[in-house]
Amino acid sequence: MERAEERRLIELAAEGDQDAASGIIRHHQQSLYAYMLRMSGRPDVAEDIVQEAFVRVLTNLHRFDFRYRFSTWLFTIARRLYLNACAKHRPAYDTDMVGSWRGKDSEPDAPVVADEQQSVMRDTLQVALMGLSSDQREVVILFHQLDWPIALIARHLEMPEGTVKSHLHRGRKRLRILIESRQDAADLEMQEARL
Amino acid sequence: MSFEGDQPTRDLDRDVPDALVDAFFDRELSPEAQRQVLRAVRHDAHTRDELERTAEALASLRDQPLAPDMTRQILARADSRRRFLPRRLRRITRTARLGVSGAALLVLLGVATAQRAWPDALSLTPHDTPLADVNTAFQADAIQSAAALRAGVDRARVSLASFPQRAHPQRAHPVGFVSVEHIGIFDARSQRACPSGAMVSLNAPPAPPDSSERSARRAFSVTTLVRFEVREPGARLTRYLSPGAPESQGEEPSETLLGVLP
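Residue numbers (the numbering used here), protein chains in the order written: chain A, 1 to 195; chain B, 196 to 457.
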């Protein structure tokens, strides 16, 4: 969405236009949900935080400063909600629930095997992500999943760019190692099952 | 091999350094530099493997989980906190807001114009008074009032000192007087009151009591049990019993003349 269009929608929604508010939600909910789901590993937690973040944003639209990106504001609010939720009750990662995700490419008529492989890969990825420190996980998700530039991540997380890069490099390396070890373990299990 | 900016400084042939691999994934390399890295890793099996596996992991990260459509729930929750307005109502609200703002602006302009045309019309005093003067005047007023109040108390004490406890035996009341030390002052004219449980009215107007006296009586009705009226030439002692007072002990509200100064 272009910034002019986004600004128009925000202004209309701030005046109480429900259609404009719907447009804003539809545009941002996918990326915000993906971010929260990868961070928490729990669809119910992700859904709850996404909804609450949108509600807070929609009820405070008149305070939005158009010099900044709307998505940054939304993600910052969601992140604070997530950190608060973690402080109150650490959301435990749920493999079964993560296994029930449906990816973009998993159409109902897609081959079952391919779907299963994707599901296993997503599960492996989430387990590996949860093996990273919170900072590493967040930086890796923001940079590689949401394509945020380093400078923006640094502002969002309120840390120097050098620190962001350090988390990114270590997180990426660790993510690869964790995925490999999990895949090796899965291969071993399959071999044992065949025997 | 070294690396500066987004260009490797010399050909990559063996041992691609970690920093370059990181720069590759950080999207900091130019397309040409990226090609050089990819060429170089052909000869470095370990780095190539690492690069491929990392790229694979990051690619799977881009396969975002599909979010359920939460629009309806979000709008319902938001609407319960801050109402969304229908288009027509929104137009009316906007017009009303503009109208109110315009009216406020017109009033301000009118005031500004009036002030310019008739500078003295809107001023509170004939000429500007510094705030310090107002403060000084207020202090002087307060001192004067305190002196008047003290004089009133002294007069009341003198009057009451000679006041017989049962001036009119037929009308006297067993409650008697409160001690002089506990007497508060009520000035019917300036309506200053001290909630002390009793009241002395100085220079009160002749009966029936005027509105200021009545209002003062109302103001005191919660706490006042005994009322003294000191008037020239004679002073009257009246007992007021208010329904809320602890001394009333369930008695009906009443007003009893206890006695008159000789």
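One should not assume that every hint holds.
Take a look, some chain B residues computed to stay more than 10 Å from chain A by CB distance [unchecked claim]:
1) Arg230
2) Leu233
3) Pro263
4) Met265
5) Leu270
6) Ala291
7) Pro325
8) Ala337
Okay, the calculated beta carbon distance ranges per label pair [unchecked claim]:
9) A/Asp65 x B/Arg234: 24 to 32 Å
10) A/Asp65 x B/Pro263: 45 to 53 Å
11) B/Ala332 x A/Arg8: 24 to 32 Å
Using 16 Å as the maximum straight-line C-alpha spacing, the simulated EDC-like pairs for lysine to aspartate or glutamate come out as follows [said to hold, decoys possible]:
12) A/Lys165 x B/Asp221
13) A/Lys173 x B/Asp244
14) A/Lys173 x B/Glu247
15) A/Lys173 x B/Asp217
16) A/Lys173 x B/Glu251
17) A/Lys165 x B/Asp213
18) A/Lys88 x A/Asp48
19) A/Lys165 x A/Asp147
20) A/Lys173 x B/Asp221
21) A/Lys165 x A/Asp123
22) A/Lys88 x A/Asp147
23) A/Lys173 x B/Asp213
24) A/Lys173 x B/Glu245
25) A/Lys165 x B/Asp217
26) A/Lys165 x B/Glu223
Please keep in mind that the hints were generated in silico from the structure rather than gathered at the bench.
Bear in mind the structure is a predicted one, so any value in this text is a computation, not a measurement.
The beta carbon of each residue, even a glycine, is placed where N, CA and C say it ideally should be.
Cross-check of the supplied hints:
no.	hint	result
1	Arg230	21 Å, holds
2	Leu233	18 Å, holds
3	Pro263	7 Å, violated
4	Met265	6 Å, violated
5	Leu270	6 Å, violated
6	Ala291	13 Å, holds
7	Pro325	41 Å, holds
8	Ala337	46 Å, holds
9	A/Asp65 x B/Arg234: 24 to 32 Å	47 Å, violated
10	A/Asp65 x B/Pro263: 45 to 53 Å	30 Å, violated
11	B/Ala332 x A/Arg8: 24 to 32 Å	59 Å, violated
12	A/Lys165 x B/Asp221	8 Å, holds
13	A/Lys173 x B/Asp244	13 Å, holds
14	A/Lys173 x B/Glu247	12 Å, holds
15	A/Lys173 x B/Asp217	9 Å, holds
16	A/Lys173 x B/Glu251	12 Å, holds
17	A/Lys165 x B/Asp213	13 Å, holds
18	A/Lys88 x A/Asp48	15 Å, holds
19	A/Lys165 x A/Asp147	14 Å, holds
20	A/Lys173 x B/Asp221	13 Å, holds
21	A/Lys165 x A/Asp123	26 Å, violated
22	A/Lys88 x A/Asp147	30 Å, violated
23	A/Lys173 x B/Asp213	10 Å, holds
24	A/Lys173 x B/Glu245	9 Å, holds
25	A/Lys165 x B/Asp217	9 Å, holds
26	A/Lys165 x B/Glu223	12 Å, holds
In this structure, the earlier hints numbered 3, 4, 5, 9, 10, 11, 21, 22 are contradicted, and the remaining ones agree with it.
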